[in-house]
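S.K.: Letter by letter, the chains look like this.
Protein chains: 2
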Amino acid sequence: MINYPNGKKPVEQEKQKHSAINHSNRGMQLESDINASIEYYMERGIAVITKRPTPINVVKVDYTRGARIIDAYFEKQSTTDYNGVYKGRYIDFEAKSTLSKTSFPLHNITMHQIIHLQRVHAQGGITFFVIAFEKLSKVYLLDGQFVIDFYLNGDRKSIPLALIKENATEICQGFMPRLQLIEAINEVYFHEKIPESIK
Amino acid sequence: MINYPNGKKPVEQEKQKHSAINHSNRGMQLESDINASIEYYMERGIAVITKRPTPINVVKVDYTRGARIIDAYFEKQSTTDYNGVYKGRYIDFEAKSTLSKTSFPLHNITMHQIIHLQRVHAQGGITFFVIAFEKLSKVYLLDGQFVIDFYLNGDRKSIPLALIKENATEICQGFMPRLQLIEAINEVYFHEKIPESIK
Chain X
1 MINYPNGKKP VEQEKQKHSA INHSNRGMQL ESDINASIEY YMERGIAVIT
51 KRPTPINVVK VDYTRGARII DAYFEKQSTT DYNGVYKGRY IDFEAKSTLS
101 KTSFPLHNIT MHQIIHLQRV HAQGGITFFV IAFEKLSKVY LLDGQFVIDF
151 YLNGDRKSIP LALIKENATE ICQGFMPRLQ LIEAINEVYF HEKIPESIK
Chain S
1 MINYPNGKKP VEQEKQKHSA INHSNRGMQL ESDINASIEY YMERGIAVIT
51 KRPTPINVVK VDYTRGARII DAYFEKQSTT DYNGVYKGRY IDFEAKSTLS
101 KTSFPLHNIT MHQIIHLQRV HAQGGITFFV IAFEKLSKVY LLDGQFVIDF
151 YLNGDRKSIP LALIKENATE ICQGFMPRLQ LIEAINEVYF HEKIPESIK
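Top line first, the protein sequences correspond to chains X and S.
Sequential numbering of the first sequence, starting at 1, is according to our numbering.
Sequential numbering of the second sequence, starting at 1, is according to our numbering.
Treat the hints loosely; a few may be bogus.
It does not matter which identical chain is meant; a pair holds if it fits inside one copy or across any two.
Lysine-lysine pairs mimicking DSS-like chemistry, simulated, CA-CA at most 30 Å apart [unchecked claim]:
id: 1; residue 1: Lys76; residue 2: Lys96
id: 2; residue 1: Lys60; residue 2: Lys138
id: 3; residue 1: Lys87; residue 2: Lys60
id: 4; residue 1: Lys157; residue 2: Lys96
id: 5; residue 1: Lys165; residue 2: Lys96
id: 6; residue 1: Lys135; residue 2: Lys87
id: 7; residue 1: Lys60; residue 2: Lys76
id: 8; residue 1: Lys138; residue 2: Lys165
id: 9; residue 1: Lys135; residue 2: Lys157
id: 10; residue 1: Lys135; residue 2: Lys96
id: 11; residue 1: Lys101; residue 2: Lys135
id: 12; residue 1: Lys101; residue 2: Lys87
id: 13; residue 1: Lys157; residue 2: Lys60
Simulated from the structure, these hints should not be mistaken for laboratory data.
Based on the sequences and whatever the hints tell you, model everything.
M.R.: Here's what the structure looks like:
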């Protein structure tokens with residue numbers, strides 16, 4: 001509960017409320033699962049991964065009421081949602097979920113994010129996407145370079161599931177942690193099976 | 001201008017406005033200098049360091065006007081303001097400025113931040129504070145572990161300037177980049193003088 005003293009990120013609560021009345025706001029379940037998982041790893045000293053706060057464009061502040069924001073709106077994240085450090089390596093990833101059963105649509109990945117991932121890659125950082133196929137109850141870790149190449153060179157607007165299955169690693173799901181993210185990172189980037197520290 | 005399509009982070013514009021009428025909001029100059037410097041390094045492919053958006057606690061959203069936030073307030077950052085990757089290493093730092101000419105007060109560093117820095121350190125990340133003595137026009141890079149030790153074990157509520165001068169590295173100031181942050185990081189953590197890529 002280090003990150004948010006009241007146990008939950010307020011912006012997320014607000015978004016969840018939004019989600020209840022507007023089904024276009026998908027991915028809240030994935031985000032909440034990832035948040036619980038990174039908290040699990042953080043508390044056990046396994047990895048330090050944090051979610052970047054949702055950027056908010058503040059239009060008007062009422063200073064007579066102690067800097068109360070009275071007009072603002074949510075902005076798109078121009079980098080990625082998550083970053084941190086694991087075994088000395090820099091980790092940077094974006095989480096996306098889709099209702100499709102056959103492919104992962106690229107339309108909500110921005111060029112800003114692709115450029116960010118390329119820059120991180122050039123600095124020797126680890127980048128990937130966590131992709132949840134909601135209807136299939138499957139979550140995958142797909143390397144950032146694969147997505148970058150597909151995004152920049154592919155003719156298609158989505159990555160077929162078959163291609164993801166071939167190139168990605170499935171992130172196992174459980175109770176604690178909800179998503180076995182570090183186990184997947186270990187397998188892909190450190191060529192290790194489940195580390196002792198987690199067992 | 002990758003991070004903020006309109007060239008400036010809106011929250012910062014708002015804070016600057018705030019700063020104009022309320023001098024308690026110090027550190028905006030330091031923040032703006034660091035932001036310009038990390039942008040400089042990012043555009044040249046030297047390092048990828050980003051500022052975490054200011055966390056905002058959203059209280060009320062008006063969905064009849066396209067998810068317009070109508071009540072919210074600024075929150076304290078529970079981690080640090082900046083993180084990123086340089087030469088494969090994870091970098092995490094906090095920027096603070098003071099009007100004092102003799103010491104760096106610790107009262108606005110939270111225990112949450114200390115715990116965060118300890119965790120990053122345990123994962124092999126690089127942590128430090130960028131400390132600006134406004135009245136002296138001096139900016140220092142002070143290693144995170146030094147601050148953690150002083151914070152947890154010291155009896156004093158501030159770090160004397162003499163001790164900072166002994167243990168920190170001065171961050172040179174110039175025009176482009178405004179603060180030669182990477183040069184200082186190189187010297188302290190990579191034991192290298194100004195890298196060729198920057199020259």
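S.K.: At most 30 Å between alpha carbons: which applies to Lys135 and Lys87, within, between, both or neither?
M.R.: Answer is neither; intra-copy 34 Å and inter-copy 40 Å both fail.
S.K.: At 30 Å max between alpha carbons, let me know whether Lys165 reaches Lys96 within a copy, between copies, both or neither.
M.R.: Within one copy only: 16 Å inside a chain, 47 Å across chains, cut-off 30 Å.
S.K.: How do Lys101 and Lys87 come out at 30 Å by Cα distance, when the copy is not named: within, between, both, or neither?
M.R.: Result: close neither inside a copy nor across copies, 35 Å intra and 39 Å inter.
S.K.: 30 Å Cα cut-off: does Lys157 pair with Lys60 within a copy, between copies, both or neither?
M.R.: neither (38 Å within a copy, 36 Å between copies)
S.K.: Checking Lys135 and Lys157: alpha-carbon separation at most 30 Å within a copy, between copies, both or neither?
M.R.: For Lys135 and Lys157, only the intra-copy Cα distance (20 Å) is at most 30 Å; the inter-copy one is 55 Å.
S.K.: Regarding Lys76 and Lys96, is the shortest C-alpha distance of 30 Å or less found within a copy, between copies, in both, or in neither?
M.R.: Intra 14 Å, inter 28 Å, cutoff 30 Å: intra and inter.
S.K.: Checking Lys157 and Lys96: alpha-carbon separation at most 30 Å within a copy, between copies, both or neither?
M.R.: Close inside one copy (15 Å), not across copies (45 Å); limit 30 Å.
S.K.: Can you give me the call for Lys135 and Lys96, within, between, both or neither, at a CA distance of at most 30 Å?
M.R.: within (14 Å within a copy, 47 Å between copies)
S.K.: For Lys87 and Lys60, with the copy left unspecified, which applies at a CA distance of at most 30 Å: within, between, both, or neither?
M.R.: Neither. Shortest intra-copy (42 Å) and inter-copy (40 Å) distances fail the 30 Å Cα cut-off.
S.K.: I want to check one pair: Lys60 and Lys138. Are their C-alpha atoms no more than 30 Å apart within a copy, between two copies, both, or neither?
M.R.: neither (42 Å within a copy, 34 Å between copies)
S.K.: Is it within, between, both or neither when you check Lys101 against Lys135 at 30 Å Cα-Cα?
M.R.: within (6 Å within a copy, 61 Å between copies)
S.K.: How do Lys60 and Lys76 come out at 30 Å by Cα distance, when the copy is not named: within, between, both, or neither?
M.R.: For Lys60 and Lys76, both the intra-copy (19 Å) and inter-copy (19 Å) Cα distances are at most 30 Å.
In this structure, the earlier hints numbered 2, 3, 6, 12 and 13 are contradicted, and the remaining ones agree with it.
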